[in-house]
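First residue of the sequence shown? That's 145 in the working numbering, and the numbers climb one at a time after it.
Hints were generated in silico from the structure; no laboratory data involved. Glycine is no exception: its CB is placed at the ideal position from the N, C-alpha and C atoms. It is possible that part of the hints are untrue.
Listed next, with one range per pair, are the computed distances between beta-carbon atoms [unchecked claim]: (1) A228 with H149: 23 to 29 Å; (2) V223 with L158: 19 to 25 Å; (3) V226 with R181: 16 to 22 Å; (4) V226 with Y166: 18 to 24 Å; (5) L230 with L169: 37 to 43 Å; (6) H185 with V223: 16 to 22 Å.
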Amino acid sequence: MHADHSALEIVAHLMIAFLFLYRGLTALPQFAHHAARMEGHNIPFPRVFAAGGFAIMLVGGVMVGLNYHAAIGAWLLIVFTVLANLLYHHFWSMD
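Based on the provided sequences and hints, a complete structural model is requested.
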């Protein structure tokens with residue numbers, strides 16, 4: 145699992161995994177709210193994109209946390225983070 149990693153690398157993997165897993169699991173019960181927000185941002189197929197976002201957060205978090213193809217999991221989380229910020233948050237239009 146983490147046999148070839150230092151203690152610091154293992155802790156880093158677990159912290160990154162916890163961030164995405166915790167946020168994904170706590171936001172999942174509010175799925176309809178998130179899909180409605182995405183619809184408000186004119187994102188097509190908001191329920192599909194919301195489900196995909198939750199799946200990527202959870203699968204990527206598990207992959208990084210268990211060090212199972214961690215590089216692929218990390219890329220999934222990076223792509224999710226960039227797309228979520230661009231499609232969902234619209235921070236550039238806030239006052």
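Checked hints:
The hint said 23 to 29 Å for the Cβ distance between A228 and H149, and at roughly 28 Å that hint holds. Separation of V223 from L158 is about 21 Å and conforms to the stated range, judged on CB atoms against 19 to 25 Å. About 18 Å separates the C-beta atoms of V226 and R181, a value consistent with the hinted range of 16 to 22 Å. For the pair V226 and Y166, the supplied restraint of 18 to 24 Å holds, since their beta-carbon distance comes to about 20 Å.
A hinted range of 37 to 43 Å is violated for the C-beta pair L230 and L169, which are about 24 Å apart. In this structure, H185 and V223 meet the distance hint of 16 to 22 Å, their C-beta atoms being roughly 18 Å apart.
Figure legend: structure checked against the earlier numbered hints; the only hint not met is number 5.
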